[in-house]
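Two chains, two frames, some hints: make the complex.
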Amino acid sequence: MSNKTQWQSVCSVDDLIAESGIAVWTADGPVAIFYLPNRIPCLFAIGHTDPFSGSNVLARGITGDLKGQPVVASPLYKQHFNLETGVCLEDDAVQVPTYPVLLDGNNVVLEVPVKSQVKEIA
Amino acid sequence: MSKKNLIVVGNGMVGHHFLEQFVESEAAAAFNVVVFGEEPLLAYDRVHLSEYFTGSTHADLAMGTAQWYADKNIDLHLDEQVSEIDRDNQQVITPKGSYPYDELVLATGSFPFVPPIEGNNGPDCLVYRTLDDLDQIRASAEGGKVGVVVGGGLLGLEAANALKSLGLEAHVVEFAPRLMPVQLDADGGGLLRRKIEELGVQVHTEKATTAIVEGDECRLRMNFSDDTHLETDLIVFSAGIRPQDALARSSGLDIGERGGIVINNQCTTSDPHIHAIGECALWDGRIFGLVAPGYTMARTLSGALNGDSEAAFTGADMSTKLKLLGVDVGSIGDAHGQTPGARNIQFNDGANGVYRRMVISEDGKKLLGAILVGDNGPYDTLLQYALNGIELPANPEALILPESEGGAPALGPDALPDTASICSCHNVTKGDICGVIDAGCCDLGSVKGETKASTGCGGCAALLKNVVDCELEKRGVEVSKDICEHFPYSRQELFHLVKVNGIRTFHQLIHDHGKGHGCDICKPAVGSILATVWNEHILATDHVALQDTNDTFMANMQKNGTYSIVPRVPGGEITPDKLIVLGEVAKEYDLYTKITGGQRIDLFGATLSQLPEIWEKLIAAGFETGHAYGKSLRTVKSCVGSTWCRYGVQDSVGMAILLEDRYKGLRSPHKLKMAVSGCTRECAEAQSKDIGVIATDKGWNLYVCGNGGMRPRHADLFATDLSDEELIRAIDRVLMFYVRTADRLQRTSVWLENLEGGLDYLKKVVLEDNLGIGEELDAHMQTVIDTYQCEWKTAVEDPEKRKRFREFVNDERKDPVQQWTQERGQRRPVIETA
Ligand SMILES: Cc1cc2nc3c(=O)[nH]c(=O)nc-3n(C[C@H](O)[C@H](O)[C@H](O)COP(=O)(O)OP(=O)(O)OC[C@H]3O[C@@H](n4cnc5c(N)ncnc54)[C@H](O)[C@@H]3O)c2cc1C
Ligand code: HEM
Ligand code: SF4
Ligand code: SF4
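These protein sequences, in sequence, are chains A and B.
What the first sequence shows, in the UniProt record's numbering, is residues 1 to 122, in sequence order.
What the second sequence shows, in the UniProt record's numbering, is residues 1 to 834, in sequence order.
With the rest of the complex left out, here is chain B (with noise of 0.2 Å):
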């Protein structure tokens, strides 16, 4: 019997991957296949176009090689555009021919929108789809110096990167008025914007371009409506993709009322020998601009012709997770809460850049969508609640809020359906993981050979570890809790042997019980193990290049590369003087001055040169660091108190600087503060603090494990009516309890929650010294007072240690990216332009 013939038009992602399932069937066995492309290189990642402004070439981006399409008998025509399909005679035609089908496979994508601008086919008026797109936007970048992106979406963001790897000044016009407008909200739209601003990529919405004409400084000036204009040496545009449905319309096949191939649930056009797959194809009046739902079309089609009567096409999820100009974004499923009675629940944390709204059912029970910007932690959980319809625990809110404010840990894999989709593009799920585990696979690396899951973009990377990890344990295998690929130790495990050795040193730690040369997880962990045992000033030389670099320049660095100073002013009693000198400081260095919530002030947009001569001349006027890079005491908070206010029964002030001298420099698992009210009208709020002390007429009462912030808590009262020696004996043992018992990033209120005895436990370790420790804890406390430095003190006396702070060691200059403007009379770093 002679073989039909199968023509797939279109050379794409899509096509490919048709292929590639296709030609292992057992439907290929009775089919010659013939490929057209109109581009003249081999189908290539699209999704990772912009790889080839940093180095990669087409051979590093195709899909499959020639020697391939040898081997499987594809004959394939590169280069050869189809024109026209004769549906009477069952053929296609090219310039080069005519040819037959028996099955026509149509996947021509899609091609961009171009809005229709006076002045829009200029020489440098670009797209950016293919590699030829992209070596034009190259050829005009060579020469000029500003670049214009039409379109804030997805594609347009990306295409902004690119122009700013080619050494471009980079705009992004966008007529709506915010940033991806169809995947975000106007809050998350806004951070992104900042955040890409800062990156300097300038960003212009409610911008409708008018005209394109010739400029006077570039070669080209885009006039808006609102009679602004922007010079611009070229321009790509972005503004959306419209099916290549072409073909398909002059054959007189079913076409959608705004472009698109109709397709039914088995990817079949109105025509029953003529399919189509990808962008060029609309299925239930939609299109779909991702690779993924293109992929499942393909493999549908496949099972299809093979005549499997379960497969279906069934529309797909649009939910993407993507790094813009380093910037994370995600969206999930309805992102706007557009399902009737839909409920909101926002997290926005402008001060660290990171924005999460979650869109929850009615009844609370399931997440429908939601949108993240700035940290794309918590995708992968959210994206399972989502798609398997899995039930929301009692307080949702705690899957996007951060884990060391009360945030719940990641979805554990256990709860996860054996349904639950873990590689979206081979369709891996938990079942089949289970599966090739009980078939004998028992570690990672063979697991993914066997299901291939985690083998593409790998974005499942992290979710595939966690499943193979839990199925493990669950069978009894031993799974690694190594802190990092150099020691084969828990962090609790390093501890000890620290201790048990008396090692001193990283260097000596890594010789003896690791190997390798260490990373930024396991050095700043045994920097603070180390500084925890032997309380050495942390620029020691052995420990200098173990910190964070908050640790190392005893500031925390801004996003601009610039530091804050933070002086530490007890009980927040300052005197004129030193209040003068602070305003001297700020002003000869320029340095934003803040009044803080902690009764001190702060001063920001410090370099690195200028620590020390800043901290010199602090040191000088009577200051001492403020620890406000390390987890340590912050502030001890204090209202006036009996010496000036007509309520007042106790000396709140001097109790409070008496505590914060105490405490300065204590390292604890987190960050610690305090507050002392003179009476029970409390006016320092000491009730929201780890520690707080109010006055009574007969002493001073003590609450403990309070906090403010995101996750409030009332502190419980610990004990009634103290002596001062009473007070701080108290609090002496509280703390050192704490310190010693916490984990890591555990603040006192969550450590009180899950201390076991909980409150009366506590009491009887501290008040009764049960465990008969008391005195270990009070002298442990004595020793850290003791050996109490101010680290800046000691920094700026050592020239050694000062050469750190320079920021070129060959050149006076400052660092030439430090871009400032003025607001409310003070100086402020760059990061927004509207």
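Chain A extracted, bound-state conformation (with noise of 0.2 Å):
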């Protein structure tokens, strides 16, 4: 696999809902975008998929803090994992890839790893 890298603009603020998660679809998959507003900075992307479950939900969860860490808590099996590091707190051998995210204007631009094949499942 290569290591490039590409921005890409994946959706616009309007669609971000405050405290919550939203999922976006990109070259590297699913991925989750949270808008905590009260934070700076204020947006967090990580893996939308559940590695517990290997459901894509954890867009679907609840977000908060956990000793000053910003988390979300899966919906199925209610893990919490690390906005920042994807860590998983309750096992942290578990991990949810990260993606740097930005404002660009009015779109949010995620930068994601260009692959060779994207993964597609039928």
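A portion of the hints provided could be inaccurate.
To be verified - Across the chosen pairs, the derived CB separations fall in these ranges: (1) A/Gln6 with B/Pro816: 19 to 25 Å; (2) A/Asp14 with B/Leu745: 35 to 41 Å; (3) B/Met710 with A/Asp91: 26 to 32 Å; (4) A/Asp14 with B/Ala62: 47 to 53 Å.
Treat the hints as calculated values from the structure; they're not laboratory data.
The beta carbon of each residue, even a glycine, is placed where N, CA and C say it ideally should be.
Set out below in structure tokens:
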């Protein structure tokens, strides 16, 4: 796999939901974007796939903070993931990918790896 | 006097632990300590080996540092294998030289057993034991697609997870008919299999590999004895371990029939100057393949070398609690019930993927063993019962029933004897903890610091906190009851703050009375408090982010991330036209359709983005939400009643519809069920419901607080021969009084049993209004009824709310991970491939 990345525009500011998450499809598969307006920075992007169930659900979890770390709780089995590092608080051997995310005007843009072959499951 | 020599062969987990114990002891002064390790790296934590694949390095896993060895004057020889023991001259031989010993410790661990299968020695046939093995697996996975683990035990499943994390399609091939045959019984193994397959690891049981040959599509092909085969790019053997006893064998020490260096209670072998500890040692005919018993041997030997006549290894508890691929698995003591006369109690909740089994003694007083799959919640409590021989309660099944169904709360720390082991690795008992508290420790942190309890893996953290809290409380130290780190208040206190200060948003509450940003404990709790107090739509913008996913999307999330759709069918009466609409919608979206015990029709398998479309169609056809996702009224079941039935004396269907329409949307501490029967034959089974109504020739008899399900309770007769108006007023007041006074998640049956004064008191409050709150209860119920809205109707009509229901906001594609199959003519998620 190459290490090249690209910035991809994924949605507009209006799609975001305060204190909660939305899911977008990217060149690297499903990604969850969280908008926490009371934090600096206020945007976080992590993999949308819950590693414990394999289901694409993390954007639908409850956000918050634990010991100062911004987290989302998986809606299926309730493990917490650090929104900055992707590390699971209950089991630090488990980690979801994280992505740099920025606001470009009204657009939310993500830095995702360029893959030679985009993973597709029919 | 010149020092004697102590040599340790093997620098693994147990060898290292022995050194830690020994160099701090008095005897250490009399010895030069020399260590030989065959691996090139300093001892590391093999138990967490798999973390090497998720980013940990040798330094993260290392148990000590080169500096520590230098500071303690330990002469460390890594990458130097001991090839021979010359017992006559008391020296060990390595390729680099010979070294004399006075005392010799063998801590050589074990090696993976590779079954003698033709072709098992190719470059892509690997094992899972050392960091070097993992490097080889990583290299082999590069460019491969499929990986197979041979062996479905603890380690095999862990290896399968590792293959999955390397991006391979992972398979487990097991010879026995189920996974983890040593620890689990057939039901537990079956459930574990189902759960693991749901996570995308394919399981093949009862497969004996006969040969490994070159593959067509992958590098290798495994042929099985039943003439099936499997193609794969690499194979990891995890078919058990064998004690590394080669050195002991060649030097003539006593060896067990099936391997292992024979030791006595002091961990000494048949040669009084040679000792063995850890996985290479055989005690009382048994090998211990876990680290904790190895540590106990290490402590024992260190004690014995110090002349401690009490030091003795007397066996070890092999109970284990693990998370395998994210699935809880626990096994305690005599899990298979092999003790003569042992009795079994099982709890099997297939719907939630929870299996529990207790093995109890013939007289029902002692817990001998247990098996848990899916949820290790009761593990700590059960382990304490088993290890300490604490007498079981009269209804032991309560220990494995979920608390909401009448299960017992965890064993209070007060019930533990002082000898109860709280931290098994550092060997800290409850008595030790009480000791340091009496000596002045007054919080959890200092107890940990003083005793080392819970500073290793942390497996005992929850239990330790309970013991410390309980002991502090006994000594009059105040212990926090805060709901979570964000609010210094209990749930009850938050309720009052919201009500008294007229707080309407979470933001305002945390700003005025809390700190931080909230979490998944306090947000839903506050969300439900706000909803009860102010009864606003649960998708109002300020509340959205507070809700659990089921409430947010007004549907129950299933394991694969899809949702169910449950429209209300009041009284179970449905017109042919509506029935056709349900059929058409289900067909259009390929939803699995099931008629439930509550006389309505559930549709399963809708994706997030389909939910509003489907509800729009259902609402247009006159349906409403069935509130299956909330704690509120489910269904009012009815029999056909006097309209059609020749025995019927009242219109039971009409009354059921009236009741269901009246109470739909009422939020309550737990779900509510009701039923109405048209005569005393009771075809609607009303006496098993929270509210049951049975027709008489003069009116209605009202029954309250019954329960079906796992812990049935017959409803109590509350009033007889009521008119329609009297019936409704009585139900209004019973329900409102329940909603106001019950604890969270308390069913009506449990509420009544705990209500002081019981049924007679409830009758006085409702029928005689002895508290003078009758009118207030009536008015509160009327407000709830007047403010009812179908949450789905409100949601589909509001474009802003509908925006929430998109799988991917920038892409129309469907969720790619959901996989389906057909069964009995309908679509269902893939869970088992057998
Ligand atoms: C992936 C994995 C997961 C595990 N998970 C758990 C778990 O969850 N819970 C649990 O309790 N246990 C677990 N275990 C088992 C646990 O790791 C072992 O019980 C423990 O490591 C045994 O320690 P030991 O010192 O006896 O052997 P080892 O740690 O194997 O150390 C023995 C060392 O001796 C060296 N050696 C052998 N022969 C010679 C020689 N002739 N000369 C020099 N050096 C030699 C070996 O190279 C090795 O480094 C797991 C093991 C693995 C592999
Ligand atoms: C402080 C007291 C300790 C207690 C009460 C304790 C308790 C436990 C318990 C209950 C388990 C069961 C499995 C699990 O929860 O995953 C366990 C597993 C384990 N413990 Fe400990 N432990 C303690 C300290 C340590 C220390 C100091 C070490 C090693 C340095 C250690 C290493 C392990 C290992 C390797 C496992 C295997 C399971 C796993 O890691 O998941 N423990 N321990
Ligand atoms: S009895 Fe109820 S909970 Fe159990 S499987 Fe049937 S529907 Fe599900
Ligand atoms: S309860 Fe009575 S009225 Fe209702 S169906 Fe049965 S027999 Fe008929």
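Quick rundown of the hints versus the structure:
Our hint of 19 to 25 Å for A/Gln6 and B/Pro816 holds, since their Cβ atoms are close to 21 Å apart. Look at A/Asp14 against B/Leu745: about 38 Å separates their beta carbons, and that is inside 35 to 41 Å. The given range of 26 to 32 Å is respected by B/Met710 and A/Asp91, whose C-beta atoms sit roughly 31 Å from each other. Between A/Asp14 and B/Ala62 the Cβ separation comes to about 50 Å, which falls inside the hinted range of 47 to 53 Å.
Checked against the numbered hints given earlier, the structure satisfies every one of them.
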